[in-house]
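**Student:** Chains as they are written, first to last, in our numbering: chain A, 1 to 296; chain B, 1001 to 1265.
Do not rely on the hints blindly, as some may be mistaken.
To be clear about the criterion: a stretch of chain A counts as covered by chain B if any three or more of its residues have a C-beta under 8 Å from a C-beta of chain B, and this derived list gives those stretches [to be verified]:
#1 76-85
#2 130-141
#3 149-160
#4 205-215
#5 273-280
Short derived list, chain A residues pointing at chain B, Cβ under 7 Å [claimed, not checked]:
#6 Phe21
#7 Ile63
#8 Leu110
#9 Ile166
#10 Met219
#11 Met223
#12 Ile227
Treat the hints as calculated values from the structure; they're not laboratory data. A virtual CB, placed ideally from N, CA and C, is assigned to each residue, including glycine.
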Amino acid sequence: MEINKRNLLISLAYVVPALIFMLVLIGYPLFYNIKISFQHLDLMTLNNPDVAFAGLENYRKVIGLDSFHIAFKNTFFFTFWSIFLQFTIGFALALFFNMKFRLAGFLRGLTLVSYLVPIVITSLLFKFMFNQSVGIINYILLSFGFVDQPIEWLTHPELAMWSVIIANVWVGAPFNMMLLSTGLSSLPDDIYEAASIDGANKFKQFVYMTLPMLRPVIMIVIMMGFIFTFKVFDLIFVMTAGGPVNATEVLSTLAYKLSFDQFNFSQGAAASNILFFILFIVSLIYLRMVRSDEVM
Amino acid sequence: MLNIVGIVIVGAILFPIYWMVVSSFKVQGEIFQMPPTLFPNEWYVEGYTSQLGGALGRSFINSLIVALSSMAIVVILAIPASYGLARYPVPGKKWMILFFLVTQMLPVTVVLTPMFILFKKLALLNSLAAPILATATLGIPFSVLILRTYFLNAPKELEDAAMIDGCNRFTAFLRIMIPISYPGIIVSATFSFLFAWGDLIYSMTFISNSDMWPLTAGVYNSMGKYGIQWNNLLSFATITVLPVLAMFILLQRYIISGLTSGAVK
Chain A
1 MEINKRNLLI
11 SLAYVVPALI
21 FMLVLIGYPL
31 FYNIKISFQH
41 LDLMTLNNPD
51 VAFAGLENYR
61 KVIGLDSFHI
71 AFKNTFFFTF
81 WSIFLQFTIG
91 FALALFFNMK
101 FRLAGFLRGL
111 TLVSYLVPIV
121 ITSLLFKFMF
131 NQSVGIINYI
141 LLSFGFVDQP
151 IEWLTHPELA
161 MWSVIIANVW
171 VGAPFNMMLL
181 STGLSSLPDD
191 IYEAASIDGA
201 NKFKQFVYMT
211 LPMLRPVIMI
221 VIMMGFIFTF
231 KVFDLIFVMT
241 AGGPVNATEV
251 LSTLAYKLSF
261 DQFNFSQGAA
271 ASNILFFILF
281 IVSLIYLRMV
291 RSDEVM
Chain B
1001 MLNIVGIVIV
1011 GAILFPIYWM
1021 VVSSFKVQGE
1031 IFQMPPTLFP
1041 NEWYVEGYTS
1051 QLGGALGRSF
1061 INSLIVALSS
1071 MAIVVILAIP
1081 ASYGLARYPV
1091 PGKKWMILFF
1101 LVTQMLPVTV
1111 VLTPMFILFK
1121 KLALLNSLAA
1131 PILATATLGI
1141 PFSVLILRTY
1151 FLNAPKELED
1161 AAMIDGCNRF
1171 TAFLRIMIPI
1181 SYPGIIVSAT
1191 FSFLFAWGDL
1201 IYSMTFISNS
1211 DMWPLTAGVY
1221 NSMGKYGIQW
1231 NNLLSFATIT
1241 VLPVLAMFIL
1251 LQRYIISGLT
1261 SGAVK
C-alpha cells in the first residue's frame, strides 16, 4: 500500500507539470470559449465578470449571418480542393521518388522545406508571385501564351480562392508525399514481381495492388489533411484577409474578425466553436481509425 | 535521367524560395522589370544592411527569444510527461493522451480570445511571455506524443540494468533513457522551435508594441502598407526563413523521421 502510493506520486510527478500547463493554457480557454459563446461579451462587458446568459442567441445570430453561409461553403470548397490537389500531387511525387535512383531520397527530403517555411512567409511569397503587375506567375502565363493579359489573381473573387488553394497545396503536398512515401516503401516487392510475371502492367498493378494495400495510409493522410486544412487561418488571413468581398472568407477568418475586428467576442466564440465542433467529430473518427489499438 | 527529372521537379517546387532570395537583392526598379531577371543585374543589399540596425535586427532577436524560450519550456515539460505516460500506469492515462491528441486539432481561434483575456489578467499582454507561453501549447502535445513512442520503443532492459548498477528510477531516466531517445528529443525540440518561430497570430494578437514584434509580425505589418517595398520586405522574409533552412540542412534526417512517425504511428 505504502509503495503503491509512492509509485502513484512518482508517476504523477512526471506528468502533472505538463498537464497543468496545458490545462491552464488550453483546457481553460476551451471551456471559457464555450462559456462566452452563451453570453454577451463585447468590449463594453469585457471587464465585467457577470455577463448575462444569452442562451443560444449567439449561435442563432452567427448562423443567420450571410457571411457565415459564405464562409461555411468556402471552408468546404477550400478544404476539398486543397486536399484533392495536395493528395494527387503528393501521391504522384511519392510514386516518382519511390523509383530507385541515386538522388531520390535527398531530393524527396528537400521538398519538405516548403512545409517548414513559416506560413506568413509562404503567404507573402505567393502574394508576390500572384501580384498582377510584378508577379512571375502572370509573366509565365503571358509568355507561354496561356493568357493574353495579366490576371487579377488576388482581387478577382473566383481566382482569389484558387490562389489561396494553390499556396496551400504548395505547403501540403510535400507532407502528403512524405507520408505516402513511407507507406509505399513498406509494401512488399516480391508480389509486384509475381504480378509482372503474370502479365499485369504498371497501371493494373497500381490500381489492383498499390491502392488497396495503401488504403489505411491513404485514409490517414486524407483525414489529417481535412483536420489541418479545415482550420487553416494564417495563410488566408495574410494572403487575402478573407477578401475580396468574402470570396475567401472561411470559418476561422470569420471567427477572428467577429472577435478582433468587431469585438463581438461572444459571436466570435460561437463561430469558432462551430468550427471546432465539426473538427472534433472528424477527429474522433480519425482517432478511432488510427489510434484505437494504442490509446483506447 | 530520373535524377535530372527529379532535380527539375524539386527545382520547380523550391522556386518560390529562390525567387524570394533573388528578389530581395534587386533594386526596386528591377523587381518591376519585364521580363524578370533570374539573377540581380545590380546587387541591392540595403534591404539587409539598413534594416539590420533597426526593425529587422530587433525582430530577429525577439523571434529568437520567443522560439528558444518556447522550445525550452516544451522540452522541460514534455520529456518527463512522455516518459511518465510511456512507463507508468498513470491514472487517467488514456484521457491525458486523448487530451494531448485533441489539442493538436484545435483551431487557433477557439483559444485566442480566452488566452487574450487570461494574459490580460496576468498582465502578460505586450510582453514576449505571451507568445512564448501560447506557442509552447503547440509544441507540448506534439512532443509528448512523439517522445512517448520513443520511450515505449526504448529497450526496458537497459533501464533495469542501470537500476541494478545502483541508479534509481529517476537517475536511470536521466542517464539512460534521455540519451538513447535523443533522436526523438531533437525532433520535438526542432518542431517546438519551428512552431514558435513561425507563429504570427499569437504575437500579433497579444503584442501591440512594434518593438516587441517577432519577424513574422514585422513582415505581416509591413505588407499592409501602401506601396510595398518588395525588396526590403523580401529581405525580412529571407532572414525569417534562414534559421528554418539551417535547421533543415543540419537535422534533415531527424525531421523526416519525426514527421512520419508522428503522423502514421
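**Student:** Does each hint fit the structure? Answer for all of them.
**Tutor:** How the hints compare with the structure:
1. 76-85: violated (count 0)
2. 130-141: holds (count 4)
3. 149-160: Coverage by chain B is violated for the segment 149-160 of chain A (0 residues, Cβ < 8 Å).
4. 205-215: Three-residue rule not met by the segment 205-215 of chain A, so violated; n is 0.
5. 273-280: With 5 residues in contact (Cβ-Cβ under 8 Å with chain B), the coverage given for the segment 273-280 of chain A holds.
6. Phe21: For A:Phe21, the interface hint holds, since the closest Cβ of chain B sits about 6 Å away, which is under 7 Å.
7. Ile63: Hint on A:Ile63: violated, closest Cβ of chain B at ~17 Å, above 7 Å.
8. Leu110: holds, 5 Å
9. Ile166: violated, 11 Å
10. Met219: This interface hint is violated because 11 Å lies over the 7 Å limit.
11. Met223: Since chain B brings no Cβ nearer than about 10 Å to A:Met223, farther than 7 Å, the hint is violated.
12. Ile227: Result: holds, 5 Å to nearest chain B Cβ.
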